[in-house]
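Peer 1: Please build the complete structure, drawing on both the sequences and the hints.
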Amino acid sequence: MIDVRLLRTDPGLVRASLERRGAKVDLDHLIELDSRYRALLQEVEAARAEQNAAGKRIAEARGPGKSQAIAEMKRLSDRLKQLEAELAEIRSELDHALIEVPNLVHPDAPDGFGDESNRLVSTVGSPPVFDFTPKDHMDIGEGLGIIDTERAAKVSGSRFAYLLGPAVLLEFALVRMAMDRLMPDGFVPVIPPVLVRAEAMFGTGFFPTDEAQVYRCADDDLYLAGTAEVPIASMHAREMLPADRMPRRYVGYSTCFRREAGTYGRDTRGIIRVHQFDKAEMFSFCFPEDSDNEHQRLLAHEEGIWQALEIPYRVLEICAGDLAAPNYRKFDIEAWLPGTGRWLEVTSCSNDIDYQARRLQIRTKRDSGTELVHTLNGTAVAVGRAIVALLENHQQADGSVRIPEALQPYTGFDVIGPP
RNA sequence: GGAGGCAUCGCCUAGUCAGGUCUAUGGCGCGGGAUUGCUAAUCCCGUUGGGGCGCAAGUCCCUCGCGCGUUCGAAUCGCGCUGCCUCCGCCA
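According to our numbering, the residues represented by the first sequence are 66 to 484, in order.
Be careful, since some hints might not be right.
[Said to hold, decoys possible] Here are the simulated lysine-lysine pairs, DSBU-like style, with alpha carbons at most 30 angstroms apart:
#1 K219 - K200
#2 K146 - K121
#3 K146 - K131
#4 K121 - K131
#5 K121 - K139
Bear in mind the hints are in silico, worked out from the structure with no lab data behind them.
Just so it is clear, the structure is predicted and the values come from calculations on it, not from any experiment.
Peer 2: In structure tokens form, the structure reads like this:
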């Protein structure tokens with residue numbers, strides 16, 4: 066949610082940001098609603114002040130004057146009730162309109178829409194050279210017997226997978242390596258609940274925009290989180306974070322659930338796009354003036370992990386038109402997949418500034434006053450896609466897969482296979 | 001799933017039975033100050049959060065878990081919801 070006051074004081078700024086996103090929001094209507102709301106609010110508050118004063122007089126009054134005063138106040142009370150009903154209606158209209166408004170856009174974010182408008186920030190590492198024809202992750206995974214999507218389809222339908230044997234140990238190794246890199250930098254490991262209330266979905270900005278992507282447990286009115294970002298951001302909802310304990314950093318490990326509605330033709334092979342995967346996610350709550358630096362910090366951790374995995378990657382800054390509603394600025398890392406011959410998005414790192422904090426009411430108090438915090442999130446390891454990248458980049462002629470050195474202390478083995 | 005209890009401005013707490021100066025009491029903590037004079041103590045002042053108007057000083061409104069209701073008036077009465085606790089059942 067954006068700051069309504071900004072809408073009042075600098076509507077041009079908001080309008081420019083929304084245009085860069087290509088967001089269709091009727092700002093004039095919003096401004097009109099806000100001004101009607103405040104005008105009516107003043108009327109209501111004046112009436113309440115009158116009622117409060119009259120109430121005191123009644124409390125002190127004795128005798129016949131009292132019943133007369135009560136009769137007078139009844140008329141006042143009726144009028145106030147009518148005004149309050151009107152106020153509530155406008156407030157609700159305003160709230161519904163506001164929750165649809167996406168975040169502002171960072172001035173440095175590239176303009177445009179679609180992949181071709183993203184800015185290439187850097188490319189690191191070089192594609193591995195093979196003296197054989199490299200296979201894609203599915204051929205390798207099935208060959209090694211560590212990925213089984215056919216049986217998963219039998220049990221759960223398409224876009225599910227069984228991970229088996231060394232793939233499972235690889236998952237735990239990846240997660241533990243990420244934690245070990247992040248904990249010294251103040252990230253507190255957390256395993257959050259993955260079933261959350263609608264409030265958490267709205268608070269983090271996934272609702273109302275992405276409601277179609279979320280699994281719902283209708284009987285209990287709970288939703289399966291598509292990322293640990295949702296329960297971690299919501300963890301401190303309606304809290305005042307002590308200034309001397311800022312920033313607050315977490316690395317959350319959770320299973321992630323995504324309906325992938327509307328992606329029927331895309332990434333149907335293997336485990337690149339599945340309904341369920343595990344992920345370690347970084348999340349920071351920080352002071353507003355620190356969020357640009359914090360964003361770079363999260364991105365640096367992501368790059369460090371991919372370098373440790375010895376996988377070539379590139380960093381993209383996402384263009385204004387492709388930012389999700391809560392994002393102010395976003396960087397993706399794409400790993401090179403030699404078997405498939407394409408780049409694959411493996412991390413996403415966003416600065417949402419005060420957008421989530423305003424919805425979730427997460428504040429901090431300093432001498433300068435109380436203010437909303439900034440929130441940021443970034444992928445530490447999306448396990449499924451990390452496994453895909455490892456298999457394709459470190460495959461060997463005999464069908465086995467080499468484990469990069471940094472990971473070996475965690476896996477306990479240096480190779481998977483040969484079959 | 002069943003039965004019962006609880007929810008007050010950072011934490012603890014008075015107030016709720018008998019609705020009206022509750023403009024919510026006190027303690028802890030925190031901030032500022034005074035005095036004594038040194039492994040500290042005592043005293044004074046301030047301290048929930050949010051919003052409207054205003055250049056400001058200020059002023060008004062809301063906030064006793066949330067919502068709805070009763071009433072001229074709700075921390076207080078009624079209903080619903082949420083959370084926590086205890087017991088029973090079930091359960092990894």
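Peer 1: Mind checking the alpha carbons of K121 and K139 for me, to see if they're no more than 30 angstroms apart?
Peer 2: holds, 14 angstroms
Peer 1: Is the straight-line distance between the alpha-carbon of K146 and that of K121 30 angstroms or less?
Peer 2: holds, 19 angstroms
Peer 1: Hinted pair, alpha-carbon criterion (30 angstroms max): K121, K131. Please report holds or violated.
Peer 2: holds, 11 angstroms
Peer 1: For the pair supplied as a hint, K219 and K200, is the alpha-carbon distance within the 30 angstroms limit?
Peer 2: holds, 25 angstroms
Peer 1: Is the Cα-Cα distance between K146 and K131 30 angstroms or less?
Peer 2: Distance ~22 angstroms between K146 and K131 Cα, so the pair holds.
Taken one by one, the earlier hints all hold for this structure without exception.
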